[in-house]
Structures are given as C-alpha cells and as structure tokens.
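Novice: Below are the chains, spelled out letter by letter.
There are 2 protein chains.
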Amino acid sequence: MDKIVLIGSGNAATCLGKAFHKAGCLIMQVFSRDIKNAQELAEQISSQPINSYYNLRDDADIYIIAVPDSVIHTVAENMFSKANLGKALVLHVSGNTPLNALSRVFPRTGVLYPLQTMTKGNEVDFSNVPVIVDSTFEEDLPLIETIAKKISEKVYHFNDKQRVAMHLSAVFSNNFVNRMYTEAENISKTAEIPFEIFHSLILETARRAVESSPSAVATGPAVRSDYRTIQSHLDFLEEDHELKQLYKELSLRINPDLKLF
Amino acid sequence: MDKIVLIGSGNAATCLGKAFHKAGCLIMQVFSRDIKNAQELAEQISSQPINSYYNLRDDADIYIIAVPDSVIHTVAENMFSKANLGKALVLHVSGNTPLNALSRVFPRTGVLYPLQTMTKGNEVDFSNVPVIVDSTFEEDLPLIETIAKKISEKVYHFNDKQRVAMHLSAVFSNNFVNRMYTEAENISKTAEIPFEIFHSLILETARRAVESSPSAVATGPAVRSDYRTIQSHLDFLEEDHELKQLYKELSLRINPDLKLF
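Top line first, the protein sequences correspond to chains A and B. Heads up: the first sequence at position 6 corresponds to 6 in the working numbering, and the numbers run straight through without jumps. Heads up: the second sequence at position 175 corresponds to 175 in the working numbering, and the numbers run straight through without jumps.
Incorrect hints may appear among the rest.
Which copy? The list can't say, so a pair holds if one copy fits it or any two copies do.
[Unchecked claim] Subject to a maximum C-alpha distance of 25 angstroms in a straight line, what follows is the list of computed DMTMM-like cross-link-like pairs (lysine to aspartate or glutamate):
{"#": "1", "residue 1": "18", "residue 2": "211"}
{"#": "2", "residue 1": "149", "residue 2": "61"}
{"#": "3", "residue 1": "259", "residue 2": "59"}
{"#": "4", "residue 1": "87", "residue 2": "2"}
{"#": "5", "residue 1": "189", "residue 2": "204"}
{"#": "6", "residue 1": "18", "residue 2": "58"}
{"#": "7", "residue 1": "154", "residue 2": "239"}
For the record, the hints were derived by calculation from the structure and aren't laboratory data.
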C-alpha cells in the first residue's frame with residue numbers, strides 16, 4: 001500500500017487527500033498549522049492529524065505539499081529542519097512552481113499537478129483529469145507516476161517550462177473564459193436579459209472546441225469582417241470605454257485584418 | 001398547418017428549414033438566387049425551389065428571410081417590388097438587425113432569432129435553444145410566437161436594444177471564449193503540449209458557469225492577486241507583446257486592484 005503524508009488542509013489537500021484515500025492509498029498523516037483543520041480532513045480520510053513538523057513520520061513513500069504557491073518553499077524548509085526527511089521523496093502540487101522550489105531544500109523532489117480547479121466542497125473525480133508529473137531524479141519518476149495513476153488515467157511528464165505554458169494555457173481556457181462569461185452576464189443584466197439564455201450556447205461552444213479545434217470553429221462578426229454588427233456592438237459599449245477597447249482588441253486577435261478605430 | 005416561405009439557402013435557412021419541416025410546418029417555397037442551392041435544400045424539406053422573386057407565392061402565413069445581415073434590406077426590397085406581398089408577415093432571423101430593416105419596406109414585420117451557431121452540415125435540435133421574437137405590430141406577435149414554439153420550448157420577446165445586448169453577450173460567450181481557447185491552443189503548441197489536456201477543464205469551466213453564475217466561480221492568479229504566478233506568465237509571453245498586453249488587461253478586468261506594469 002502506498003503511504004502518503006499530506007502537508008496542508010486547504011482545497012487542493014482536501015480534494016487530493018480524499019481521492020488518494022478512495023483509491024486505496026494510506027494517508028498516514030495530515031499536517032496543518034491549525035490542528036482543527038488537520039482534524040477535519042484527517043477524520044474523512046482515516047488519517048492522523050498533526051500540527052507540528054516535529055511529529056512528521058519519516059517512513060512514508062511520498063510527502064505531498066499541498067499549500068499555496070507562495071509558502072511552498074517555507075513549508076519545505078520547515079519540514080527539512082524539523083523532521084528527519086533527508087531521504088524522503090517530496091512533491092508539490094503546483095502548476096506554476098518550478099521543481100527547484102523544493103530541490104533547493106530536499107534532494108529527492110517532484111511534482112504532481114492535477115489540471116483541475118479544486119474546491120473543498122466539491123469532491124473531484126480525477127479519473128479523467130490530466131495529472132502532470134516531474135521529478136528531479138529520473139529514478140523517482142516511476143513511483144510518482146504510479147501514485148498519480150492511482151487517481152487519474154491521464155498522467156503526463158512535463159518539464160518546468162512546459163508546466164508554465166500549461167498553466168498559462170489553463171488561465172486562458174478557464175479564468176479568462178470565465179471572465180468572458182462574466183462580461184456577458186454583466187451586459188445582459190444592463191438589458192434585463194436572463195443570463196440562462198446563454199447556457200446552451202456556452203455548453204455548445206465548449207463542446208465544439210473540444211470535439212474539433214477552437215481555431216477551426218471560429219465564428220462571429222470579427223471573423224467574417226461584419227463591420228455593421230461590430231459597429232452596433234461598439235455603439236452599445238459607448239459608455240464603457242474599457243470594455244469597448246477590450247472588444248476591439250479581442251476582435252483584432254480573431255481577425256488581424258479588421259480596420260477598427 | 002403553418003405555411004412558410006423561406007428566403008435563402010445558406011446555414012441559417014438550411015437549419016431552420018429542416019427544423020420547421022420536422023416540426024410539421026409546410027415550407028411552401030425555398031428561394032435562392034442560385035436555383036441549384038434552392039433545389040438542394042428544397043429536396044430535403046419537400047418544398048418548391050425558386051430563384052425568381054416573381055414566382056413567390058402570396059398565400060404563406062409567414063415569409064422568413066434567412067440571408068446575411070448585409071443583404072436583408074435589399075432582399076426585402078426585391079420581394080416587395082417583384083411579388084404581391086403587401087399584406088404578408090415578413091420576418092428576418094438576425095440577432096443584430098433592427099426590426100426597421102424590414103419595416104421600411106413591409107408593413108407587417110417581425111424577428112425570429114435563434115441564439116445558436118448554425119452550420120449547414122450540422123442538424124440543429126432547437127428544442128432547448130432560446131428563440132427571440134419581436135414584431136412591429138403587437139397583433140402579429142402571437143403568430144410569430146406560435147411558429148417559434150414549433151421548434152423551441154424557450155421563446156422570448158425582446159426589443160431591438162435587448163437583441164443587440166443579447167447578440168453582444170453571445171459574442172463574449174461564444175466568439176471571444178473560443179478565442180481564449182485558441183490562445184491556449186497556440187501557447188500549448190509552442191510548448192509541445194497536446195491541447196486535449198485542456199478538454200476536461202474547458203467542459204468543467206462551462207458547466208460551472210452554467211450551474212451557478214460565472215462571477216461567483218472566478219478562480220486563478222488574478223482573482224487571488226498571485227503576482228508570482230502572473231509574473232511567470234508574463235515572462236513566458238515576453239516575446240509576444242500583444243498577447244502579454246491582453247493577458248494584463250484580462251487580469252485587470254478580473255481584479256481591478258492588481259498592480260501590473
């Protein structure tokens with residue numbers, strides 16, 4: 001049985017802890033600075049809650065640091081200085097943190113990054129979620145891959161630069177897409193249109209991009225240089241200079257030949 | 001039985017013609033300037049193909065003009081001058097064309113606009129697609145609504161201004177969203193990452209926006225002011241000034257308090 005120690009009790013730690021527990025792994029310990037948070041998660045995954053680095057066991061197969069990016073390095077230093085983990089394999093789960101955030105502290109380090117928004121309240125089924133792995137030493141990669149495959153069928157090995165590109169692409173596919181939805185929602189509100197009108201369009205647009213390629217299914221006034229429609233949209237946005245500007249820029253990304261002033 | 005004459009044989013005309021035919025309406029005639037196009041569609045929906053305005057019958061319940069926005073007015077003028085349609089109820093199917101594009105020609109006019117990307121090759125099930133209706137005369141609205149309800153369960157009555165707002169919102173929810181996917185696809189290519197990695201994220205993002213509200217489910221580095229991640233993304237985009245600028249602007253739309261230089 002794979003033995004895991006989990007550092008953190010937030011969104012990522014909770015979703016991953018539950019998923020590994022469900023997949024039959026043993027979560028030996030859950031660490032959180034706040035023992036209540038550690039207890040809350042530990043109870044759900046039959047684990048031992050701890051809030052002191054000194055109590056970290058040294059016999060787990062893998063230590064997973066699932067904390068905010070900004071504190072990964074500090075947490076790793078605390079683990080190293082207060083527990084006997086010099087030979088441990090230590091992973092972080094961040095898409096955007098280079099491997100050396102850990103490898104400056106521990107010799108054996110790696111990454112296990114699920115490409116999925118994780119929220120405490122929502123149990124995540126990782127089976128179809130791409131999980132990205134990497135390691136400082138090639139010989140540690142098989143174990144990390146084995147662990148990743150416990151929860152996902154889609155495990156990829158990417159280096160630091162690829163992970164940044166991937167995370168950046170995810171920002172466009174998720175955060176910026178969601179912003180486009182939000183702009184639509186705001187515009188609808190001003191015209192007293194129920195946003196639910198766009199639900200089928202939103203789902204269909206996502207489905208089409210996934211079934212073929214987004215660049216192949218571009219439609220709309222920008223791609224067909226429909227100046228009349230574009231002008232009516234710009235007129236509508238007359239009083240929101242910033243959004244009007246954004247509309248123009250996005251239209252130009254779609255069709256760089258457009259003449260917009 | 002509702003008797004419809006269809007003007008046009010392109011994407012919208014084809015999808016709508018098939019849907020109305022399937023719903024049990026009689027498509028009396030299909031007009032196209034190119035008789036071959038008229039024939040191709042007419043055959044599929046048991047209709048009569050014509051390519052001369054002089055041959056338009058005057059006894060249909062509704063005339064549906066499904067042609068590109070830019071020629072709606074010209075087509076209407078041709079219909080009016082060459083056929084005996086002074087009392088006919090004439091609709092266009094454009095989200096972004098005001099009602100008066102027709103009402104300057106015909107007395108009885110209306111709109112029947114399905115909020116759905118229509119492509120000839122893809123048969124569209126309109127049952128869950130919002131269809132927007134409007135009319136110059138209030139007394140024509142019930143008939144237009146009745147026809148719209150033949151193909152869709154979601155029929156809304158919106159005025160010109162609401163239709164522009166709706167179309168603009170659709171551009172954000174569809175065209176601009178698809179552009180975000182395309183940017184992600186391009187970034188992925190440069191890093192030799194398969195775009196399929198993002199498929200589940202794309203579908204999940206759409207699902208979440210639809211199940212709650214997009215403004216309620218914003219995540220990512222911009223919303224949590226994660227400057228370290230944002231900086232790594234900007235560094236990655238260093239050589240693509242335009243995309244880097246767009247990344248900043250979208251991040252600022254998400255979180256106006258961000259300090260980005």
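Novice: Would you pick out the hints that fail for this structure and give their numbers low to high?
Specialist: Failing hints, ascending: 3 and 7.
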